[in-house]
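Residues per chain, in single letters:
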Amino acid sequence: MIGFLGSAGMALALLGAGLLTIRGIQTARSGERRNLEGAGRLFVVGSIVAMAALQLALLTDNFSIVYTANHHAAATPFPFDVATAWAALEGSIVLWGLVLAVFAWFMVVRYRKSPDELGAAALAVIGAVGVFFFGLMVTVANPFEVCVQAAEVGCVESSPWPFSSVVAPADGPGPNPLLQNHFMMAIHPPMLYLGYVGLTVPFAYAIGALALGVPGPEWLRRSHRSTLIAWSFLTVGILLGGWWAYEVLSWGGYWAWDPVENASLMPWLVATAFLHSAIIQQRRGMLQAWNFILVISTFALTILGTFLTRSGTINSVHSFTQSSIGPALLGFLVLVVVGSFTLFSFRADIVSTSPRVDSMLSREGAFLINNLLLSVFAFVVLIGTTYPLLVEAFTGTQVGVGEPFFNRLAVPLSFLLLLVMGFGPVTPWRSATWAQILERTRVPIVVALAAGLITALVVTRNGWVVLSITLGVFVLGSISGLASHQIQRRTAKTGESYFAAARRVFSGDGGFWAGQLSHSGIVLIAIGIAFAANLGAHLETTIEQGETIEFEGFEITYESPFFRATDSKRTQGVRLSIHEDGQFLGTLEPAANFFGDSDTGISTPDVLHGLRGDLYATMLGLPSEGSTNLNFDTSPLIWVLWLGGLTSATGGFLAYRARHRERTGRSDRQTADV
Amino acid sequence: MNSKALRWTGLGIAAIGVIFAVVLASRFGTNPGLVDSPLLGEPAPQFNLSPLEGGEPVALDSLQGDVVVLNFFASWCPECRAEHDDLVSTANAFEDQGVTFIQVAYQESPPASLDYLVTAGRAESTLYLADPGSRTAIAYGVFGIPETYFIDETGTVVGKIIGETDALTLGATIDAIKRGEDPGQKVTGSTQQSPDG
Amino acid sequence: MSNTNRLFAVAIAVMAVALVFLMSTFESDTDRVEQLGQAIKCPVCQGESIGDSPAQMARDMMALVSQRVDEGASDQEIVDELLASYSGAVLLDPPASGSTLLLWLAPAVVLVVGVGVILWWRRNPTEATQPEVKEEKPRKLAPILFLAGSLAAIVVVAGFFVQDRDGPNTGAAAIDTDNLEEVSNETMEAVIAANADHPEVSGMRLALAERYFEVGDFSSAFPHYLEVAQSPDASDPQAVTALVRLGWMAWEGNREVDAAVGLFDEALAIDDTSATALFLKGQVLWCSATDLDEAASLFGRVLEDPTLESDTRSVVESDLDALNAGAACT
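Protein sequence lines, in the order shown, are assigned to chains A, B and C.
When we follow the numbering used here, the leftmost residue of the first sequence carries the number 34, and every step to the right adds one.
When we follow the numbering used here, the leftmost residue of the second sequence carries the number 48, and every step to the right adds one.
When we follow the numbering used here, the leftmost residue of the third sequence carries the number 326, and every step to the right adds one.
Pulled out of the complex, with its shape left as it was, chain A reads as follows:
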């Protein structure tokens, strides 16, 4: 039954996406304002039905659906049963399709309000992407295959036809234990997908504009808010991914330059570059060609990331099991890259419209440097991730590329980016002089250097930490300097109170100030990373029951071992009590989780969060005979990193709101003019 429902949903969505493409093309060609709402509705309703059917299958333990049989167990508790819908390959494509359909629906709504060729062409493009993903679903990654031959646990043979004679295994093996270990699994992937898939929208408008030959920043205006929302969700998604790794993966880190992490970082970096260069095109009409290149690259990188993590060609912590979806995704990637860039070169005459930069010493210049640095950064991640593959393909030898390589290049690039971030916002458009810039930044620079000196004298002389504080304070200083300057000017001019003036200033150019909030978030991220990575301590030790050890000012006492069991898992661990200066701070329970019948334990760390930083405890092996082996790590100020990520994403959402208000404001004005 659910098989029918799900298959019907997929078929509807596929049909809707196909119709959207065809009717979109017809509209864009003929210029008649055709109604695209029906197709869009079919697309989104079909996707919702498909996802609902999948959820229903999981929540009702319907093991006749192969996906349920192989990735779910009757004992899997809430919310992991819900999250299982995107924990494995086929389900993750359903989520992908759903998010795409929702974004397409917003485009349809917008098209309904002001129908034109560009909107229709963009809908045709997003429809075509939808056809691809739902095409994958009904062929190589069908989540609604039914089980025709059951194993003891799970399903051995399946059929894509829901009317086959169906058998249901008694139970399934449950989701991957690592994914069952933290509730974050329920929200991290949807956030990431909202970002990842949302980047299809600017791509669709870009391709639409190229295909129609509509020059100018109109496609940017249409897609700017989608880009902002996608960027913000992608930021949250990456942040939550790091947090999940930190809380679950028991090595005390949050970022390992793993291919899957890199796959999400690359589009983020390029999208960030795009957000900035889009501003230049909108304000100065420059960089049109570059914006097309960036937006196509962003989309291509999301497909590349999807390919890398789902084709089984790269080893990674969270790569999905090897699957036949690889060739299809690679083919689609080729299609996107070749198709888009060929179209781009055919339209070279309309994209080369940029007036030149008057001086590199200008806001435009700062944006250019920012774009260059971000592009190089993205390239570093791309080549580092794929280099082992390339070398193996050409020479047959194995090379490893890991954290040291990425850090060595990413850290200097990030510091340079911080530097540009400090100068950029205070640099005037068009042309500036060094004296002008120095006048605007001299106070922040002196404050920043003072902060750096204090850090070096009081905290540590570790260069990375000192530099992160110095550059961070510089960026924050130049932002607040600019803000207070504008507010004071306004109070002087209008005589308003300081707060009223501040409100006026911030809401007057909401997009800009939201961007500065995101910059502040990036600063916090940099400081958090610098502290946690450089000032953390590590201890591997054996403690007897009742014994107390001292570590970085913490008094850690091994209270007792413990054992807990629920339907889905057994937990064996040790209880530690943590004191600082005799004052009780809390208990830590590092443990190993055993899911289902598995006798393989999944090590699960426990973290004591604090303002000074975290104390991170991992159990090494199982406790025995009154003693236990433990790993302890401290991560100083790591909360600053999480706070920074949230701040940055908040900035993105606020920018979205500000642009929204700008647009509606403009349309009000236009109505008034009429």
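Take these hints with a grain of salt, some might be off.
[Claimed, not checked] Subject to a maximum C-alpha distance of 20 Å in a straight line, what follows is the list of computed SDA-like cross-link-like pairs (lysine to any residue):
1) B:Lys51 - A:Ser378
2) B:Lys51 - C:Gly441
3) B:Lys51 - C:Arg448
4) B:Lys51 - C:Ser509
5) B:Lys225 - C:Ser509
6) B:Lys51 - C:Trp446
7) B:Lys51 - C:Leu444
8) B:Lys233 - A:Gly429
9) B:Lys233 - A:Gln431
10) B:Lys51 - A:Gly429
11) B:Lys51 - A:Gly249
12) B:Lys225 - B:Lys51
13) B:Lys225 - B:Asp199
14) B:Lys51 - A:Asp382
15) B:Lys51 - A:Val371
16) B:Lys233 - B:Gly88
17) B:Lys233 - A:Thr430
18) A:Lys146 - A:Gly64
19) B:Lys51 - A:Gly246
20) B:Lys225 - B:Pro90
21) B:Lys51 - C:Val442
22) B:Lys51 - A:Gly372
23) B:Lys51 - C:Ile443
24) B:Lys51 - A:Ala381
[Stated by the list, open to error] Counterexamples of contact, computed for chain B against chain C with all Cβ distances above 10 Å:
25) Trp55
26) Leu58
27) Ala62
28) Arg74
29) Pro98
30) Gly101
31) Gly102
32) Val105
33) Asp133
34) Leu161
35) Leu164
36) Thr166
37) Arg169
38) Ala177
39) Ala186
40) Leu215
By construction, these hints were calculated from the structure, which means they are not laboratory data.
Ideal placement from N, C-alpha and C gives every residue a C-beta, glycine not left out.
Dock chains B and C against chain A, hints included.
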């Protein structure tokens, strides 16, 4: 930037994309975690390991002249349990043929391995050795177990089987070595990487 | 430059120098073991270094690294030792030489090209085409999107067909009865011992027994024929072959006529047209002079088989002639 340059830029990026994709496509069907052991064709790393129950250590060079089958196992590894009977029967079948079977416990305490061998059974002639600190496993480049290395009469590593093996594969590999062939590396199944997941 | 600016510039320079000096006096307390630990990938983990991973193998490797450092080995020596057993894939910090040189150069090249493009672009002002200048919109959208759509469809369909190409790795096949020629008797013995309960082992057992039989090693062949003859899993032709061989060995080895005839009869009970069973039973009856008429009729039944090969037929015919002529068996 003029439109001609842009045209070529676009086509250039498209071309790079195609080349990149072709390279990626060439990786289909290969196992990304699989590394050809650099030990193949090299002298086998020496070791001097005590039997699980203790006693006189066994040195690899004392077995020169024999074909040595070196298997890394543990009771926590399902694939190892599955192949155990085949290792025992092959060891028995080749008992007097100048072939020595060595099974080295991987990341497991000797008592646990011995308990396991009581129920799983052992071959009379096989040496069951302990590897404190995983030194021998590291020297042989073990990525996961079961892994089985084949060392010829001259002490050179000539073969490696990754994953669950069986008597036919083991026997055929030994036969090939005795004929003077190099069996090389072969993947027969998945491996377990560590007892704690 | 204003005086204030000048003052600030001096202050900034002094503070920056002081800061750089302070940072340069920093001595990292991460020792060589930790640094090496960060640069080596834990082979049993995914992407984690041995310094980070809590896995037992990673900690054993850290212990080894630490011991080698204490013994005075250089970083390069330690890395080379691990490379000797694990290959370059365990390095997280690829060297700026050999096959990974390009990895380090490429970002620099991209940076230089990027700077070059910006400078070149600044020097070459572009013909500024205004958006409004654009006249009639080309209607080339449809063919392009149609092309894209059909390509997408092809890709999906191709992917669908490709999916069966590499199925899941099913691990080692239990018994492979093809290509047994290269396998030694010991290997076959081992395989059979390891798979004694396997329903498909009879074929291999029979093949091994036939090898022993051909070289006259009846004592090695006997138990295998017996197993096959008694195995409920053996196919009928396998059982017939085994029974016939057992019967012949009983006669050839021990001249046990009754036992041999009994075994042939068992074989004939399974397949009463088996030419070998009929012929050999006839041979035994003839040679032992037990029942010459029966022998003659058995030979006759063999010759009734139209599928009999011609050279076999001639052998049987000549034997029948000899028998009818009253000659002793050959």
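Cross-check of the supplied hints:
This hinted pair checks out: lysine 51 (chain B) and serine 378 (chain A) have alpha carbons roughly 9 Å apart, not beyond 20 Å. Between lysine 51 (chain B) and glycine 441 (chain C) the CA atoms are separated by roughly 18 Å; this keeps the pair inside 20 Å, and the hint holds. Only pairs whose Cα atoms come within 20 Å are accepted, and lysine 51 (chain B) paired with arginine 448 (chain C) is accepted, the gap being roughly 16 Å. For the suggested pair lysine 51 (chain B) and serine 509 (chain C), the alpha carbons sit about 70 Å apart, so the restraint of at most 20 Å is broken.
Only pairs whose Cα atoms come within 20 Å are accepted, and lysine 225 (chain B) paired with serine 509 (chain C) is accepted, the gap being roughly 10 Å. With a CA separation close to 13 Å, the supplied pair lysine 51 (chain B) and tryptophan 446 (chain C) stays within the 20 Å bound. A threshold of 20 Å between alpha carbons decides the hint, and for lysine 51 (chain B) with leucine 444 (chain C) the separation of about 18 Å falls inside it, so the pair holds. A threshold of 20 Å between alpha carbons decides the hint, and for lysine 233 (chain B) with glycine 429 (chain A) the separation of about 16 Å falls inside it, so the pair holds.
For a cut-off of 20 Å, the pair hint linking lysine 233 (chain B) to glutamine 431 (chain A) stands: about 17 Å separates their Cα positions. At roughly 39 Å between alpha-carbon atoms, lysine 51 (chain B) and glycine 429 (chain A) are farther apart than 20 Å, so this suggested pair is violated. The straight-line distance between the Cα atoms of lysine 51 (chain B) and glycine 249 (chain A) is roughly 19 Å, inside the 20 Å bound, and the hint therefore holds. Between lysine 225 (chain B) and lysine 51 (chain B), the direct Cα distance comes to roughly 67 Å. Violation of the 20 Å bound is thereby established for this hinted pair.
A hinted pair counts as satisfied when its Cα atoms are at most 20 Å apart, and lysine 225 (chain B) with aspartate 199 (chain B) qualifies at roughly 8 Å. Note on lysine 51 (chain B) and aspartate 382 (chain A): the hinted pairing holds, with a Cα-Cα distance of about 8 Å set against a maximum of 20 Å. Between lysine 51 (chain B) and valine 371 (chain A), the direct Cα distance comes to roughly 18 Å. Compliance with the 20 Å bound is thereby established for this hinted pair. A threshold of 20 Å between alpha carbons decides the hint, and for lysine 233 (chain B) with glycine 88 (chain B) the separation of about 15 Å falls inside it, so the pair holds.
Taken as a hint, the lysine 233 (chain B) and threonine 430 (chain A) pair is honoured in the structure, with Cα atoms around 17 Å apart against an allowance of 20 Å. For the suggested pair lysine 146 (chain A) and glycine 64 (chain A), the alpha carbons sit about 16 Å apart, so the restraint of at most 20 Å is met. Under the criterion of a C-alpha separation no larger than 20 Å, the hint pairing lysine 51 (chain B) with glycine 246 (chain A) is consistent with the structure, at around 17 Å. Between lysine 225 (chain B) and proline 90 (chain B) the alpha-carbon distance is near 17 Å, which keeps this suggested pair within the 20 Å criterion.
A distance of roughly 15 Å separates the Cα atoms of lysine 51 (chain B) and valine 442 (chain C); the hinted pair therefore holds under the 20 Å criterion. For the proposed pair lysine 51 (chain B) and glycine 372 (chain A), the alpha carbon gap of about 18 Å is at most 20 Å, so the pair holds. Only pairs whose Cα atoms come within 20 Å are accepted, and lysine 51 (chain B) paired with isoleucine 443 (chain C) is accepted, the gap being roughly 17 Å. Using a Cα cut-off of 20 Å, the hinted pair lysine 51 (chain B) and alanine 381 (chain A) holds, with the two alpha carbons roughly 7 Å apart.
Taking the minimum C-beta to C-beta distance to chain C, about 13 Å, the non-interface status of tryptophan 55 (chain B) holds against the 10 Å cut. In this structure leucine 58 (chain B) is separated from chain C by more than 10 Å, as the shortest Cβ-Cβ distance comes to about 15 Å. For alanine 62 (chain B), the condition that its CB be more than 10 Å from all CB atoms of chain C holds, with the nearest at approximately 16 Å. No Cβ of chain C approaches the Cβ of arginine 74 (chain B) within 10 Å, the least distance being about 12 Å, so the stated non-interface status holds.
Look at proline 98 (chain B): its CB is around 20 Å from the nearest CB on chain C, clear of 10 Å, so calling it non-interface holds up. Non-interface status of glycine 101 (chain B) relative to chain C is upheld: no Cβ of that chain comes within 10 Å, the nearest being about 21 Å off. At the 10 Å boundary, the C-beta of glycine 102 (chain B) stays outside the reach of chain C, the nearest C-beta of that chain being 23 Å off. Every CB of chain C is more than 10 Å from the CB of valine 105 (chain B) (nearest about 20 Å), matching its label as outside the interface.
A Cβ of chain C approaches the Cβ of aspartate 133 (chain B) within 10 Å, the least distance being about 4 Å, so the stated non-interface status is violated. The Cβ of leucine 161 (chain B) sits about 19 Å from the closest Cβ of chain C, beyond the 10 Å cut-off, so the non-interface label holds. Look at leucine 164 (chain B): its CB is around 17 Å from the nearest CB on chain C, clear of 10 Å, so calling it non-interface holds up. Consistency note on threonine 166 (chain B): stated as away from chain C, and its beta-carbon is indeed over 10 Å from all of that chain's, at 17 Å minimum.
Remark: the non-interface label on arginine 169 (chain B) is consistent with the geometry, its nearest Cβ contact in chain C lying 14 Å away (cut-off 10 Å). With a least beta-carbon separation of about 13 Å from chain C, alanine 177 (chain B) lies farther than 10 Å from that chain, consistent with its non-interface assignment. A beta-carbon of chain C comes within 10 Å of the beta-carbon of alanine 186 (chain B); the shortest separation is about 6 Å. Its beta-carbon lying about 5 Å from the closest one in chain C, leucine 215 (chain B) breaks the requirement of being farther than 10 Å from that chain.
The structure fails hints 4, 10, 12, 33, 39, 40 (numbered hints given earlier, in ascending order).
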